[in-house]
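Engineer: The whole structure should be built from the sequences, with the hints applied where relevant.
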Amino acid sequence: MTRKTIKYFVKVLTILLIVQLNAQEKFTFKIIVNKSNTIEAIDIEELQKIFLKKQIKWVDGDLILPVDLNETSKSRDEFTEKVHNKRISAIKAYWQKQIFTGRGVPPPEKSSEKEVLEYVEKNEGAIGYVSSDISIKKYNVKTIIVND
Amino acid sequence: MINMDGSMKIKNTIHKTIFILSALMMVSFAQSNLSVHGYLSQGFAISNGNQIFGITKKGTFDYRNLALQFRYDYDSQSNIIVQFSHKRLGASPLMKVEEDVELDWAYFGYQAWEWLALKVGKIQLPFGIYNELRDVGVLLPFYQVPYACYGEGNWMSETIDGTAVTFYFARDTDMPMSLDLYAGQWKWVEWLIFPNLVSKDLNIHVDEPDIKNAIGFKFWMETPLEGIQLGLGGYRGDIIGGVSFGDVLGIGKENINVLHYSFDGNWYDYYLRSELTTYFLTRNDIFAYSFYMQSGYRILENLFINAQGGLYRAKNIPLTYAAKAIVDIDYYEDYALSFTYAFLSNFVFKIEGHWNRGYLLEDRYMDYYRDDPFITQYGIISVSASF
Numbered sequence: 001m002t003r004k005t006i007k008y009f010v011k012v013l014t015i016l017l018i019v020q021l022n023a024q025e026k027f028t029f030k031i032i033v034n035k036s037n038t039i040e041a042i043d044i045e046e047l048q049k050i051f052l053k054k055q056i057k058w059v060d061g062d063l064i065l066p067v068d069l070n071e072t073s074k075s076r077d078e079f080t081e082k083v084h085n086k087r088i089s090a091i092k093a094y095w096q097k098q099i100f101t102g103r104g105v106p107p108p109e110k111s112s113e114k115e116v117l118e119y120v121e122k123n124e125g126a127i128g129y130v131s132s133d134i135s136i137k138k139y140n141v142k143t144i145i146v147n148d
Numbered sequence: 001m002i003n004m005d006g007s008m009k010i011k012n013t014i015h016k017t018i019f020i021l022s023a024l025m026m027v028s029f030a031q032s033n034l035s036v037h038g039y040l041s042q043g044f045a046i047s048n049g050n051q052i053f054g055i056t057k058k059g060t061f062d063y064r065n066l067a068l069q070f071r072y073d074y075d076s077q078s079n080i081i082v083q084f085s086h087k088r089l090g091a092s093p094l095m096k097v098e099e100d101v102e103l104d105w106a107y108f109g110y111q112a113w114e115w116l117a118l119k120v121g122k123i124q125l126p127f128g129i130y131n132e133l134r135d136v137g138v139l140l141p142f143y144q145v146p147y148a149c150y151g152e153g154n155w156m157s158e159t160i161d162g163t164a165v166t167f168y169f170a171r172d173t174d175m176p177m178s179l180d181l182y183a184g185q186w187k188w189v190e191w192l193i194f195p196n197l198v199s200k201d202l203n204i205h206v207d208e209p210d211i212k213n214a215i216g217f218k219f220w221m222e223t224p225l226e227g228i229q230l231g232l233g234g235y236r237g238d239i240i241g242g243v244s245f246g247d248v249l250g251i252g253k254e255n256i257n258v259l260h261y262s263f264d265g266n267w268y269d270y271y272l273r274s275e276l277t278t279y280f281l282t283r284n285d286i287f288a289y290s291f292y293m294q295s296g297y298r299i300l301e302n303l304f305i306n307a308q309g310g311l312y313r314a315k316n317i318p319l320t321y322a323a324k325a326i327v328d329i330d331y332y333e334d335y336a337l338s339f340t341y342a343f344l345s346n347f348v349f350k351i352e353g354h355w356n357r358g359y360l361l362e363d364r365y366m367d368y369y370r371d372d373p374f375i376t377q378y379g380i381i382s383v384s385a386s387f
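These protein sequences, in sequence, are chains A and B.
Here the first sequence is numbered in our numbering, starting from 1 and rising by one per residue.
Here the second sequence is numbered in our numbering, starting from 1 and rising by one per residue.
If you're looking for bench data, these hints aren't it; they were derived computationally from the structure.
By construction, the Cβ of each residue, glycine as well, lies at the ideal position given by its N, Cα and C atoms.
Treat each hint with caution, since some may be false.
[As the list claims (entries may be wrong)] Have a look at the derived ranges for each label pair, beta carbon to beta carbon:
1) B:Pro176 x A:Asn147: 16 to 22 Å
2) B:Glu208 x A:Asn147: 52 to 58 Å
3) A:Asp60 x B:Arg313: 25 to 31 Å
4) B:Gln377 x A:Thr101: 46 to 52 Å
5) A:Gly61 x B:Val120: 25 to 31 Å
6) A:Ser111 x B:Leu116: 33 to 39 Å
7) B:Arg357 x A:Asp148: 51 to 57 Å
8) A:Asp148 x B:Phe347: 32 to 38 Å
9) A:Asp60 x B:Asn257: 24 to 30 Å
[Claimed, not checked] Derived contacts from chain B toward chain A, CB cut-off under 7 Å, selection only:
10) Ser35
11) Ser78
12) Ile80
13) Ile81
14) Ser85
15) His86
16) Glu132
17) Leu133
18) Val136
[Claimed, not checked] Simulated crosslink set (DMTMM-like; lysine to aspartate or glutamate; CA at most 25 Å straight-line):
19) A:Lys53 x B:Asp367
20) A:Lys97 x B:Asp172
21) B:Lys200 x B:Asp367
22) A:Lys57 x B:Asp75
23) A:Lys97 x B:Asp367
24) A:Lys86 x B:Asp172
25) A:Lys86 x B:Glu226
26) A:Lys54 x B:Asp172
27) A:Lys49 x B:Asp73
Structural biologist: Dropping the structure here:
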């Protein structure tokens with residue numbers, strides 16, 4: 001095997017590795033809002049603040065109503081890992097602190113993605129997340145882009 | 001000494017009545033705006049001989065905390081919160097003034113803007129990392145919050161009757177900050193043991209002095225360093241009555257000035273917390289400080305190992321019984337190790353061992369002049385849950 005061939009293989013492997021890593025970084029959930037919401041994209045940081053209720057209003061002044069999936073959900077796990085960079089237990093502990101210092105209560109937790117879709121459909125200020133595989137066509141909701 | 005038979009019973013009955021009425025009233029409100037939360041910790045505690053923190057050589061199951069919180073959100077800005085608690089601390093002298101059901105807090109909260117919140121009523125005293133959470137077992141690496149800095153209701157209050165304003169700054173930066181300012185009054189519990197010179201029995205004096213004209217602050221800042229928060233707080237107040245500055249020792253009126261520094265680091269699999277509190281009682285020129293450090297590491301998905309060390313030192317303590325002698329006291333030091341296992345995020349099992357050296361014993365008279373500090377080992381096994 002010539003030196004040139006080895007270099008070629010190294011390059012191909014490097015590219016494959018990068019592609020693989022990027023694929024792993026891709027979200028396995030999508031962020032949904034009510035169709036009446038004018039927002040089209042959101043930053044990860046903003047998402048984090050919204051789901052910790054550190055940001056409580058949309059730009060137009062309407063109240064944000066975040067909705068979570070319960071802690072056994074795979075999408076909740078993915079969402080917490082990617083958006084908060086924490087374990088679900090750490091987020092749960094954050095909310096325990098908020099509750100017992102009287103500062104706030106967590107977003108409502110739904111036991112299925114269907115319930116999340118229904119909640120977002122019903123509430124104009126709502127924002128939630130569901131698995132990327134779930135079809136949202138039947139519901140009055142839309143997906144928004146998440147910027148890193 | 002507190003007369004348990006009269007005013008305490010009346011207070012107890014009033015609190016129980018308020019508790020039942022609040023529960024009924026809250027439930028009758030619109031259901032969607034009402035949330036009910038609570039927590040419970042039940043422990044078994046045993047010491048190797050001396051009685052400390054209510055823990056005896058025989059061991060005690062009479063070691064628990066529980067609370068029930070009713071929160072009514074009138075709208076997105078206003079709420080009313082009422083929390084009741086029940087606490088048992090074994091054979092501790094503090095139990096002499098602890099009612100079966102205590103009103104923890106009851107206040108009206110108003111979020112005027114995103115950067116400003118107000119509270120009025122009986123509110124949590126914003127102090128350090130743990131004061132507002134001191135009994136929420138699922139959040140604590142040990143059964144109790146560190147005695148250094150937080151006491152156990154002893155020379156420390158959980159709440160203030162008054163008002164607090166919270167300002168939030170720089171929320172959109174990587175250094176968000178908050179500042180609590182508060183004013184009002186509170187009580188704390190203090191106890192001292194004296195030998196009866198005639199009968200040689202021990203007299204335990206328990207009293208609840210008022211801390212009046214109190215004002216204070218608490219400042220928190222998240223740093224650009226991942227997971228690290230820094231805090232600074234303090235208060236001043238006038239101590240009225242009590243064992244030390246009331247009729248028993250008769251040292252005289254006092255003001256207390258407290259400063260408090262916090263480091264709170266929380267990362268993915270470990271944490272490190274440390275706090276220092278200084279106390280300055282100006283009229284008698286008494287200075288004291290307490291310090292603790294606490295750290296934990298996740299050794300399995302749900303299993304943490306935690307270590308803690310803390311101490312309390314006081315200078316210029318006047319001993320009236322010893323011809324107005326003034327002494328410096330190494331009041332106590334405590335080192336502990338615990339394992340916490342979270343079956344769920346809101347259901348946690350703990351086992352812990354402590355080594356304590358000092359003058360905190362509750363079953364003997366301790367003469368700071370003549371006695372060396374006592375060494376006591378004690379352990380606690382507990383389960384905590386919340387909803």
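Engineer: Work down the list of hints and note, for each, if the structure agrees.
Structural biologist: Do the hints match the structure? See the list:
Restraint check, Pro176 (chain B) to Asn147 (chain A): a C-beta distance of roughly 21 Å satisfies the suggested window 16 to 22 Å. At about 56 Å, the CB distance of Glu208 (chain B) to Asn147 (chain A) agrees with the hint of 52 to 58 Å. Restraint check, Asp60 (chain A) to Arg313 (chain B): a C-beta distance of roughly 56 Å breaks the suggested window 25 to 31 Å. Our hint of 46 to 52 Å for Gln377 (chain B) and Thr101 (chain A) is violated, since their Cβ atoms are close to 33 Å apart.
Taken as a hint, the range 25 to 31 Å holds for the pair Gly61 (chain A) and Val120 (chain B), whose Cβ atoms sit roughly 26 Å apart. For Ser111 (chain A) paired with Leu116 (chain B), a C-beta distance near 36 Å keeps the hint of 33 to 39 Å intact. In this structure the supplied range 51 to 57 Å holds for Arg357 (chain B) paired with Asp148 (chain A), their Cβ-Cβ distance being about 53 Å. In this structure the hint that Asp148 (chain A) and Phe347 (chain B) lie 32 to 38 Å apart at CB holds, the actual value being about 35 Å.
Distance hint check for Asp60 (chain A) and Asn257 (chain B): the Cβ-Cβ separation is about 48 Å, which falls outside the suggested range of 24 to 30 Å. With a least beta-carbon distance of about 5 Å to chain A, the hint placing Ser35 (chain B) at the interface is held under the 7 Å criterion. Hint status for Ser78 (chain B): violated, given a least beta-carbon distance of 13 Å to chain A, over 7 Å. Using the Cβ-Cβ criterion of 7 Å, the hint placing Ile80 (chain B) at the interface with chain A is not satisfied: the shortest such distance is roughly 10 Å.
With a least beta-carbon distance of about 5 Å to chain A, the hint placing Ile81 (chain B) at the interface is held under the 7 Å criterion. The interface hint given for Ser85 (chain B) is violated, since its Cβ lies 11 Å from the closest Cβ of chain A, which is over the 7 Å cut-off. Evaluation of the His86 (chain B) hint against chain A yields a violated restraint, the C-beta minimum of about 15 Å exceeding 7 Å. At its closest, the beta carbon of Glu132 (chain B) sits 4 Å from a beta carbon of chain A; the interface hint therefore holds under the 7 Å criterion.
A hinted interface residue such as Leu133 (chain B) counts as satisfied when its beta carbon comes closer than 7 Å to some beta carbon of chain A; here the least separation is about 6 Å, so the hint holds. About 5 Å separates the beta-carbon of Val136 (chain B) from the nearest beta-carbon of chain A, less than 7 Å, and the hint is met. Pair hint Lys53 (chain A) plus Asp367 (chain B) does not hold up; C-alpha atoms about 53 Å apart against a cutoff of 25 Å. Of the supplied pair hints, the one linking Lys97 (chain A) and Asp172 (chain B) holds, its CA atoms being roughly 22 Å apart against a limit of 25 Å.
Simply put, Lys200 (chain B) and Asp367 (chain B) have alpha-carbon atoms about 14 Å apart, close enough for the 25 Å limit, and the pair holds. Restraint check: the Cα-Cα separation between Lys57 (chain A) and Asp75 (chain B) comes to about 14 Å, which is no more than 25 Å; the hinted pair holds. Using a Cα cut-off of 25 Å, the hinted pair Lys97 (chain A) and Asp367 (chain B) is violated, with the two alpha carbons roughly 41 Å apart. For the suggested pair Lys86 (chain A) and Asp172 (chain B), the alpha carbons sit about 20 Å apart, so the restraint of at most 25 Å is met.
Between Lys86 (chain A) and Glu226 (chain B), the direct Cα distance comes to roughly 12 Å. Compliance with the 25 Å bound is thereby established for this hinted pair. Between the alpha carbons of Lys54 (chain A) and Asp172 (chain B) the distance comes to roughly 10 Å, so the proposed pair stays at or under 25 Å and holds. For the hint pairing Lys49 (chain A) with Asp73 (chain B), the CA-to-CA distance comes to about 21 Å; that is within 25 Å, so the pair holds.
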